Amino acid sequence: MTERLAKKVLLIGWDAADWKIINPLLDQGPMPALEHLINHGVIGNLATLRPILSPMLWNSIATGKRPDKHGILGFIEPDPDNGTIRPVTSTSRKVKALWNICTQSGLRSHVLGWFAGRPAEPINGVSISPLYAEPVAPLDQPWPLTPSSIHPAALGETLAPFRIHPGQLTPAEILPFIPRAAEVDQEKDQHLASLARILAENCSLHNAATWILENEPWDFMAVYYNGIDHFCHAFMNFHPPRLNHVPEKEFELYKDVVNGAYKFHDMMLERLLQLAGPEATVLLLSDHGFHSDHLRPRYMPKAGPGPAVGHRPIGVICMAGAHLRQNERIYGANLLDITPTVLTLLGLPVAEDMDGRVLVEAFEEPPKIEKIPSWEDVPGECGMHPANLRMDPVSAQAMLQQFVALGYIQAPNEDQAKAVENCVREAQYNLAQVYLDSHRPGDALPILEQLTKEKPEEIRFTLHLGQCYLDLSRLTEARATLETLVQRGGQPWADWLLGLVHLEENSLDKALSHLSRAAEAEPRLPDLHLRLGNTYLRMRRLEEAEQAFQKALAIDSDSPEAHLGLAQLRLRRRQNREASEEALAAVGLRHFLPMGHYCLGVALGRMNHLERAELAFRTALSMAPGLLNAHRWLVAIYRRTGADLVTIANHQRAIAELQERRVRATGAA
Amino acid sequence: MMQMLAAGGLTPLTDDLRVSDANNPRGYFEWEKIKQLPNEPDCIAEAEGKVVKVVSALLRNVPSGYEYRVIFMTRSLEEVVASQRQMIKQLGASGPSMQDAVMVAAFETHLRQVAAWLEAHPEIAVCWVEHGSLLKATHVEVTRVQEFLKFPFDVEEMARQVDPSLYRQRIPIQAAAAAV
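Chains H and V, in that order, give the protein sequences.
The working numbering puts the first residue of the first sequence at 1, with every later residue one more than the last.
The working numbering puts the first residue of the second sequence at 1, with every later residue one more than the last.
Simulated from the structure, these hints should not be mistaken for laboratory data.
Nothing false has been slipped in among the hints.
Straight-line C-alpha distance at most 25 Å; calculated PhoX-like pairs for lysine-lysine: (1) 89/V - 453/H; (2) 89/V - 418/H; (3) 53/V - 33/V; (4) 53/V - 136/V; (5) 371/H - 7/H; (6) 188/H - 255/H.
Here are the simulated distance ranges between beta carbons: (7) 453/H - 133/V: 39 to 45 Å; (8) 97/V - 138/H: 42 to 48 Å; (9) 446/H - 133/V: 38 to 44 Å; (10) 215/H - 128/V: 43 to 49 Å; (11) 521/H - 97/V: 33 to 39 Å; (12) 65/V - 380/H: 39 to 45 Å; (13) 146/V - 142/H: 48 to 54 Å; (14) 458/H - 39/V: 31 to 37 Å; (15) 108/V - 380/H: 20 to 26 Å; (16) 99/V - 476/H: 28 to 34 Å; (17) 142/H - 39/V: 21 to 27 Å; (18) 137/H - 39/V: 22 to 28 Å; (19) 154/V - 157/H: 53 to 59 Å; (20) 106/H - 72/V: 37 to 43 Å.
Predicted model only: the values in this text are computed from it and were never measured.
Glycine included, C-beta positions come from ideal geometry on N, C-alpha and C.
Just chain V, with the same shape it has in the complex (with noise of 0.2 Å):
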């Protein structure tokens, strides 16, 4: 999404100090300072009229005080433990020992409570997108980003940064299923 908005004309807030890896070849949009939300608040300042990468974790700490404009991004929390699990191996870090189950079941849970969130604040507009959908009905998705952004994106240049080469942690059909 980062990629595509970036395509699309909005300046990404990025320190480019996370450089692209085998779990994502074409770069990770990060910026590391929006670590310090929780402590430092302020630092939202940088972003005002920018795109930044914010985990939703961290997404409760935004200071009131601008316009916010959220595009959450979800996908099938399967995937997404698979993912991760995948990314942390490869990053030769230690992540927690639960299992896939528990953890599914953590986001989950945590999930509701950052919608809840939203909720509780209708003066963040959110846009919530799936990320598969954004793989398969890439324009519908495109345009629907652009009615809630309000800005005149190169919507084919957009499509265009669409790579589902890089969508590698499908679940198995009944799981996904399941997960539906």
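The following block holds chain H by itself, in its conformation from the complex (with noise of 0.2 Å):
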């Protein structure tokens, strides 16, 4: 065990928490608690992963594994008890999460209201399922706590009275997020019962955890709080400034509903601070952001995971405790980062089968790292359901159709049927969506052609199919299948992805007019925006290129593809040092962007900075190991700074293969 660097950590996880919309309360002064973990600790975005779906994002940020790998893949599964669907499972969960690992090392735990929670798992500590607080019944009816949602069971008699039930607040509660309540028609109008919901659920999980830091010893806690993510579902239309088809008396009635969930959120940190002591080290986070401005969607998609359309891909992180540096910003920091950086901290080894790193630039000191091959080959108790318990709900659900198939069962209903065929079909698409975003379209392929096969109707599919073909170079196969779509007509997003295929025909003509049109069409999505600039850039009209990438810039200041564009902009300029700002602009925004690190070892190349140039192009490398010219500027540098010969005829090496490879390739053309 290296040494353990954090006494205790406390994980705060706050659903779509973004900093456009707490700097300026932070400005105002009414988050003080945040306020002081910011001026005591780092903090930074937190890119995200696609599909942006909580469920697999918090799964993802437990246990440093996309969810092709945790196996939680949307908000539902099949029950293979009774034919339907239900909400994710603990069950379903195929790898270990922190409070596993905690527990399997012997360390006390407790976790909260994380997604996927139930059954409580049997951890060594306390574990509460989201359904502890969820309440069941009117005020007036028995609450009985949901089988299964505390572990251990025994404590369900002393946390169950910590519930708030929704028909219990006051106006004392109310007022401060809608001060003019009385005037709401409740027979119209739900806000209020939803904030009323999302207010008592929220306190519920927050009383048993203030509980839980008085009366429970512990060395590492996750509490996870969905009041941010679902007070923007619900009043996000009315924040400030108020939206066109927003009207003036509901604006006037919800505009503080947002600001005062964040506020309410700090009163909730402030105690959860106070509980914790000097001696923790505290990380809160948010899984994605939640769009505030002008960004906002009119219109949620009813197909899917609709509401997603509303999440913003960057999050927040923010941490503070000893060995950590303070008052510091920290760069490219991805939520699959947070397991290891944990791990780090309480003195355990980081996995080599997790997707993230340790973030090493928020310490004071670069921590040491163990590394062991991977934690779910460690024996030992750890927490997790028996084996007896857990199955792959698709897998369950394939067998209950057998049965079905083979007479053995009765069918279920046709509407339990249909929910189950598209909660399925769903998590194939979600983790096709993983495949592609982890660059892996050959295992998206196949089942984004199936669902293709099975809804062709389903114009999101189709979309993603000419992607993956565009991911893997099958451009005639791409351009097929985004022609269809862009014949239909009205499909934007078919016309940005035809743009890209003419781009990588190099038809710069064809691909500027598809991307034009896009466009005029969806002028709002910043994408279209980049694409432009870099069609520009390739027609070297860099003038219009820059243009394009400022309004990107305009539409979302947080864009690392615009940095990286203008990056590029500035390299061809011969403008080093605002090149060198803008690719670190961009993989500080996200980490994972192979070309800005590498734009970032040219302009830090010809600034003669050798080692903070070479580090780039390894960290390009490392994600993209086919950039030919990384090779070669690392070659350059070894030279000059005389590396030795083994790694420099390695880079010459990997030259010569890529060289050979894309003669081969041009060969095949």
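Hints in hand, dock the two standalone chains.
Laid out in structure tokens, this is it:
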């Protein structure tokens, strides 16, 4: 075991928290607890994963693994016990979460409210599923604890009375959010009921958290609050400035709710920090942000995970505690990095099969990182459910389908069967997006081909299939797939992707035509301006490229691609210092951006900062080993710095192989 | 097994709705109503004093208040999946599009779950009978079943029901060894 840097680690999840709301509030002063944390620690953006769906993301945060490894692929899953669907369960998670690793390592941990938390896992500590707080009956009726919502079950009697029912809330709790609540016509308008429910659920979990902090010993504790996300889904439309389609009266009623939600969370944070004590290391983070400006979607698509349209791909991270830097910013953090970082804080090894990295830049001194191949292979009690309770729900559903086909069991009714079918299909679609997001289009392809075959009318499946072909450089198939959508008309996304296909084919004029058409139809999409910028860049129309990238940044100042485009543009103009700043901004927003690290390397190399340039090129190559010019730069740098000949030879060999591959590919084409 | 138990003297609960076919030329001994077990657990009352065939997926739905004796038939899951695939094909039904290996893994987990459930319900007596053993050591297995049920079977008659020609889904030797 390496040195333990944190006596205790408190991980606080604020679903959908976003700097765009937090920063103005910090300036005005009503978030003192968070401000204290920020002043004593490091902050940064936390890049999310796609698809931006909270159950998948929070399980990636807790495992350090992408959803294809941890197995939580959406909000719901088939229920093999009754042939219907149910919220995702802890028995479907295939790998160990932080609290399991802690249990296995003899540490005491508690977890509250985490997605896929039911049944509560038998860890060394307290595990409370989100169902603990869910009101299942009106106020005047009994409200028993949902079975399996608390481990150890014996604590149920103690913790049940801490739950708050929405019906118990009084004007004193409601009015800070909606000062004119008395004017709400509750017969027609359900917003007040939504607010009460969100508030009550979060208070219940918070109460349980404070009781645990006061009464139970702990090494690691994870508390998840869904409040900000739920408040944003219900009330972000009313957040200032008023959107044109929002009636004045409703705007006036509900305009303070989102800010109120953040202030409320800050009050809860203050209590957690008090109870955790100064010796605790605190990580506060969100899985994604939430559009709060002109990018707010007017309509939520009904199909699939529609509400996720409002999610912004950048979350927040704030870390404070012993051995961590103070009042500093970190760049390039990804939510996959949380588990490796927490393990390092606790002096536990990081596993090589985890997809994230330790956020070393957050530490005062680079921490010693011990590695093991996998925590999954480490034997011993880890507090996961026994194997006989764990089962991949999709396979379980297939087994039931088999029994139905054989006539052994009764077929579910039509509605149930359809619900299960849709659930399995969405899970497959999400899995395909995970593969695309992690640059594995070959794994996504069979899934998307099957989905498109089953549901040709689902445009999103066809669009992703087109994107998949594009990522695989199967440009003819990509073009054919996307052209059918473009011919249907009204599909700016298809125009956008087709523009990218033409870019790949070097048909820059055609690319420009499609991208421009997409921009006209959907001018708010930042990526369109990015692609236009890249097209202009390739056409050496640098002025127009700059305009396009600036337009993209005006829409979303946190767009890593826009900063990357500007970095490339500055490099073309030999503005190396500016190029390095833009490249740093780009990789700060998204660490996994090989071209960003490459551009940074070029700019630094040209400015003779060879050591930092080398690091940038090595980082780029660790993400994209086929970056030929990065190898060339490294050879040049190593020759100048007198590195060992073996290293130089390795890169020269890589260059030769890549060149040969290119020649072969050209020949094959 | 149903055939054997019937030959031995037990009364099978069956509705004869599912007639014999190429998959099972000697009949199915099925009782359609048992599929209602999750919604109508009391239907089991009709099986009292008789023997009824229940698929493992429904076993956990049997209501308390009865004395059960479960003869749990197991078989190499590779064979089960291959056999079921064949049956689904012949029935003209549409089964899942999962690979056999995935289905086998799902069945393995399912069986572990059912076994754990049975273990947690000691009031339900279980006799595990492996399909291959029944074919190879018929007398031994039949005697074991007789002792389990405490029923004066005609063991010879029961043993005569075993027809190895119906054992068609043999897996290759390597796969069998791996399955062991």
